[in-house]
Amino acid sequence: MADLWEENMVNSKLSRRGVLKTGAVTSAGLALPTIFTAQSAAAYTNEPTGSSVTLGFNVPQTGPYADEGADELRAYQLAIEHLNGAGDGGMLNTFSSKALQGNGILGKEVKYVTGDTQTKSDAARASAKSMIEKDGAVMITGGSSSGVAVAVQALCQEAGVIFMAGLTHSNDTTGKDKRANGFRHFFNSYMSGAALAPVLANAYGTDRKAYHLTADYNWGYTTEEAVKSSTEAMGWETVAAVKTPLTQTDFSSYIAPVLQSGADTLVLNHYGGNMVNSLTNAVQFGLRDKQVNGKDFQIIVPLYSRLMAKGAGANVKGIFGSTNWHWSLQDEGSQAFVRSFGTKYGFPPSQAAHTCYVQTLLYADAVERAGSFAPCAVVEALEDYEFDGLGNGKTLYRGADHQCFKDVLVVKGKENPTSEFDLLEIVEVTPVGQVTYDPNHPQFQGGALGSCNNGA
Amino acid sequence: MDAIILQVLNGLDKGSAYALIALGLTLIFGTLGVVNFAHGALFMIGAFCAVTLSRILTLSHTVIDETRKDFLGNPLKVDVPYVHDLFGVETGDAIIDWAVPLSLLFAIPIMIAVGVIMERGLIKHFYKRPHADQILVTFGLAIVLQEVIKYFYGANPIPTPAPAAFKGSFDFGAAIGFDPNVIIYPYWRIIYFGFAAVIIGGVFSFLQFTTFGMVVRAGMADRETVGLLGINIDRRFTIMFGVAAAVAGLAGVMYTPINSPNYHMGMDFLVLSFVVVVVGGMGSLPGAVLAGFLLGILESFASMREVIAIIPGINQVIIYLIAIIILLTRPRGLMGRKGVMED
Numbered sequence: 000m001a002d003l004w005e006e007n008m009v010n011s012k013l014s015r016r017g018v019l020k021t022g023a024v025t026s027a028g029l030a031l032p033t034i035f036t037a038q039s040a041a042a043y044t045n046e047p048t049g050s051s052v053t054l055g056f057n058v059p060q061t062g063p064y065a066d067e068g069a070d071e072l073r074a075y076q077l078a079i080e081h082l083n084g085a086g087d088g089g090m091l092n093t094f095s096s097k098a099l100q101g102n103g104i105l106g107k108e109v110k111y112v113t114g115d116t117q118t119k120s121d122a123a124r125a126s127a128k129s130m131i132e133k134d135g136a137v138m139i140t141g142g143s144s145s146g147v148a149v150a151v152q153a154l155c156q157e158a159g160v161i162f163m164a165g166l167t168h169s170n171d172t173t174g175k176d177k178r179a180n181g182f183r184h185f186f187n188s189y190m191s192g193a194a195l196a197p198v199l200a201n202a203y204g205t206d207r208k209a210y211h212l213t214a215d216y217n218w219g220y221t222t223e224e225a226v227k228s229s230t231e232a233m234g235w236e237t238v239a240a241v242k243t244p245l246t247q248t249d250f251s252s253y254i255a256p257v258l259q260s261g262a263d264t265l266v267l268n269h270y271g272g273n274m275v276n277s278l279t280n281a282v283q284f285g286l287r288d289k290q291v292n293g294k295d296f297q298i299i300v301p302l303y304s305r306l307m308a309k310g311a312g313a314n315v316k317g318i319f320g321s322t323n324w325h326w327s328l329q330d331e332g333s334q335a336f337v338r339s340f341g342t343k344y345g346f347p348p349s350q351a352a353h354t355c356y357v358q359t360l361l362y363a364d365a366v367e368r369a370g371s372f373a374p375c376a377v378v379e380a381l382e383d384y385e386f387d388g389l390g391n392g393k394t395l396y397r398g399a400d401h402q403c404f405k406d407v408l409v410v411k412g413k414e415n416p417t418s419e420f421d422l423l424e425i426v427e428v429t430p431v432g433q434v435t436y437d438p439n440h441p442q443f444q445g446g447a448l449g450s451c452n453n454g455a
Numbered sequence: 000m001d002a003i004i005l006q007v008l009n010g011l012d013k014g015s016a017y018a019l020i021a022l023g024l025t026l027i028f029g030t031l032g033v034v035n036f037a038h039g040a041l042f043m044i045g046a047f048c049a050v051t052l053s054r055i056l057t058l059s060h061t062v063i064d065e066t067r068k069d070f071l072g073n074p075l076k077v078d079v080p081y082v083h084d085l086f087g088v089e090t091g092d093a094i095i096d097w098a099v100p101l102s103l104l105f106a107i108p109i110m111i112a113v114g115v116i117m118e119r120g121l122i123k124h125f126y127k128r129p130h131a132d133q134i135l136v137t138f139g140l141a142i143v144l145q146e147v148i149k150y151f152y153g154a155n156p157i158p159t160p161a162p163a164a165f166k167g168s169f170d171f172g173a174a175i176g177f178d179p180n181v182i183i184y185p186y187w188r189i190i191y192f193g194f195a196a197v198i199i200g201g202v203f204s205f206l207q208f209t210t211f212g213m214v215v216r217a218g219m220a221d222r223e224t225v226g227l228l229g230i231n232i233d234r235r236f237t238i239m240f241g242v243a244a245a246v247a248g249l250a251g252v253m254y255t256p257i258n259s260p261n262y263h264m265g266m267d268f269l270v271l272s273f274v275v276v277v278v279g280g281m282g283s284l285p286g287a288v289l290a291g292f293l294l295g296i297l298e299s300f301a302s303m304r305e306v307i308a309i310i311p312g313i314n315q316v317i318i319y320l321i322a323i324i325i326l327l328t329r330p331r332g333l334m335g336r337k338g339v340m341e342d
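Protein chains in written order, with numbering that gives the first Met the number 0: chain S, 0 to 455; chain G, 0 to 342.
Calculated directly from the structure, the hints in this document are not laboratory data.
Errors might be hidden in some of the hints.
Some, not all, of what chain G presents toward chain S, calculated at C-beta under 10 angstroms [what the hints assert, rightly or not]: (1) D12; (2) E89; (3) G153; (4) K166; (5) I183; (6) W187; (7) P311.
Backbone N, C-alpha and C define an ideal beta-carbon position, used for all residues, glycine too.
Let the hints inform the model, and build the full structure from the sequences given.
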């Protein structure tokens with residue numbers, strides 16, 4: 000019997016090594032992540048097969064923008080609640096599309112996972128990758144930085160999932176770094192410049208000498224370029240534009256020479272901690288008390304955020320800037336969102352929270368209208384889609400670059416705030432026509448959307 | 000000429016902060032032989048002492064103002080600080096306005112306690128361990144401390160302004176015969192420089208002219224012999240750790256009106272301060288002060304756009320460039336002693 004067994008083994012050419020190899024290959028196959036196995040039979044990456052669908056919220060939970068990330072996460076949780084039919088429905092009641100019924104997305108309960116971007120591109124990519132590969136997220140959204148948005152957008156394009164950007168203001172996100180699977184609701188540097196320039200001309204005249212201090216990274220460059228070209232077009236002169244290191248905390252050595260340059264206006268192309276510190280330093284140096292060229296010296300902050308304005312305290316009073324949205328807007332959609340958010344959390348939402356909430360609803364609505372979670376179907380549903388009732392008036396998701404076009408707010412630091420949230424006042428709602436540009440505008444040239452990727 | 004004077008002034012002010020932190024670092028290294036990477040965190044905790052006192056002074060009770068509405072349309076809840084109830088609105092506001100200077104008194108006992116607890120509770124266990132272990136444990140401690148602060152105070156900067164009497168700037172140029180508005184300097188930064196000079200002078204005088212200081216200096220030179228004379232040098236060194244923590248903390252308190260404090264501010268200063276200590280010479284107190292001011296002034300000059308136009312990016316690397324040059328030409332730093340960190 001033993002001889003027969005041995006003979007069979009020889010004839011079948013099986014060996015101990017062969018058995019081990021076969022076992023190893025089988026085990027490796029079983030252990031492969033779902034992205035390479037289950038999906039080989041699926042039509043697209045992370046096609047939801049059960050009764051629920053998972054969204055991935057990639058926000059800064061640690062690092063300098065952690066507070067902004069926390070507000071984004073609150074907004075996402077509220078959006079999930081509303082999509083699943085809980086709470087008061089928020090903006091679902093005011094959204095012009097009525098595709099969403101409060102029964103999840105395509106009847107599937109919406110669940111979510113979170114990742115921590117740390118406001119670092121590599122960490123953000125790693126957390127997005129993990130949510131796609133391990134948690135089966137069908138869409139990634141969030142972030143508080145353009146560097147992170149561009150990096151995660153590229154990753155989502157490769158992986159075949161939709162990326163709904165959070166707070167990202169650089170022209171490049173929907174300019175040279177745009178991707179077919181990526182969409183941005185937030186406004187951009189060009190729009191800030193285009194909205195601010197006429198208001199500044201009205202307030203300060205057309206004969207001004209501007210001195211720019213610019214954060215030395217992608218967002219700083221595009222904002223400087225946008226504000227420079229808009230203000231120069233109305234007659235201002237740019238005296239100097241100085242790059243400041245992103246890690247700079249004390250800006251005194253950059254601010255002290257401003258008056259010597261003959262400038263009468265300082266433009267701070269800074270965000271976050273940079274903005275808080277440079278503005279605080281500029282006010283300390285008494286720039287706003289000075290008169291230069293026979294005019295009162297002025298400071299401008301192109302991109303405002305309420306959370307950052309809080310950090311700068313009383314220094315923001317009377318200083319112009321722009322913002323994507325503000326809780327004091329009186330339209331029905333904004334009021335519905337503020338009511339939902341304020342009732343749940345006890346304070347009004349930030350612009351970061353607003354854009355993240357809206358992006359989640361827009362994605363869900365696009366899936367519902369397309370009847371599929373397939374990224375290419377979602378892309379088709381979002382491209383050139385017009386909607387209203389989400390807080391910025393009539394809005395277009397332009398198909399050529401996946402940028403939202405809507406009204407932009409010019410704001411000013413409030414002189415007499417009534418609470419710690421009441422820091423900015425709306426000076427003008429700039430109509431969308433004034434901030435719309437051609438997709439081939441020089442500030443957005445280079446790069447291509449490419450075609451959508453379903454992955455799998 | 001005016002641009003040069005302006006940058007020297009800026010440098011003195013930047014150098015004040017570097018010198019104060021580096022002084023504390025050197026005190027700890029010189030006495031205990033510990034490379035303390037948590038020293039920046041002590042600077043940050045000092046700044047948050049000012050934030051805390053400011054919050055204590057503005058502790059409020061709520062009054063409903065029926066005439067005004069909040070963001071949800073409900074009657075506005077107005078916070079009324081208890082100091083208004085206790086001292087009246089005018090005096091109460093004045094007390095709140097002076098929160099930062101008052102925080103100096105608040106911070107001294109807290110910082111000494113934090114320093115002593117840190118030294119007795121953790122760092123003393125690493126005296127005989129290699130410097131790499133000390134760096135790892137103190138760096139870890141720094142991260143823990145900053146995360147604790149972030150947990151309680153959030154990640155955003157918190158505005159902590161100077162008293163209204165010190166707002167605005169002094170026209171230094173006009174005072175010395177230049178055109179007005181050419182050389183201006185904020186009052187609070189002048190105060191910061193003066194404060195740094197007093198603290199540095201105080202520490203040197205304490206070490207130079209008191210018996211306690213003499214024993215400490217003797218211990219720094221030869222710890223074993225001082226111990227053999229029956230003096231409890233360890234206890235004195237622990238006190239010096241507390242003093243170093245207080246110096247860093249007071250530097251942090253006074254820095255809050257210059258930049259709104261955040262949980263990360265200690266780390267921002269730490270690396271630069273270490274460069275200052277190395278350039279000054281490990282263990283040398285005058286070296287730390289000299290290097291602090293020197294690097295502060297050079298950093299200011301490197302930020303001038305005329306300089307950046309000639310050497311792009313020099314503003315980002317100047318401190319490290321100077322450190323390399325000094326270490327190549329004077330390996331022990333500007334005023335380093337033979338045998339320190341050379342075993």
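Can G/E89 be said to touch chain S, with a Cβ gap under 10 angstroms? violated, 19 angstroms
Verify the interface restraint on G/P311: the C-beta must sit less than 10 angstroms from at least one C-beta of chain S. Holds - the Cβ of G/P311 comes within 10 angstroms of chain S, reaching about 9 angstroms at its closest.
Using the nearest Cβ pair, does G/K166 come within less than 10 angstroms of chain S? holds, 8 angstroms
So, G/D12 near chain S? Judge it on the closest CB pair being under 10 angstroms. holds, 7 angstroms
Hint check, G/I183 versus chain S [nearest Cβ-Cβ separation less than 10 angstroms]: Hint holds; G/I183 Cβ to chain S Cβ min 6 angstroms, cut 10 angstroms.
Given hint G/G153 near chain S, where the shortest CB pair must fall under 10 angstroms: Result: holds, 5 angstroms to nearest chain S Cβ.
Holds or violated: is the Cβ of G/W187 closer than 10 angstroms to a Cβ in chain S? holds, 7 angstroms
Violated hint: 2 only; the structure is consistent with all others.
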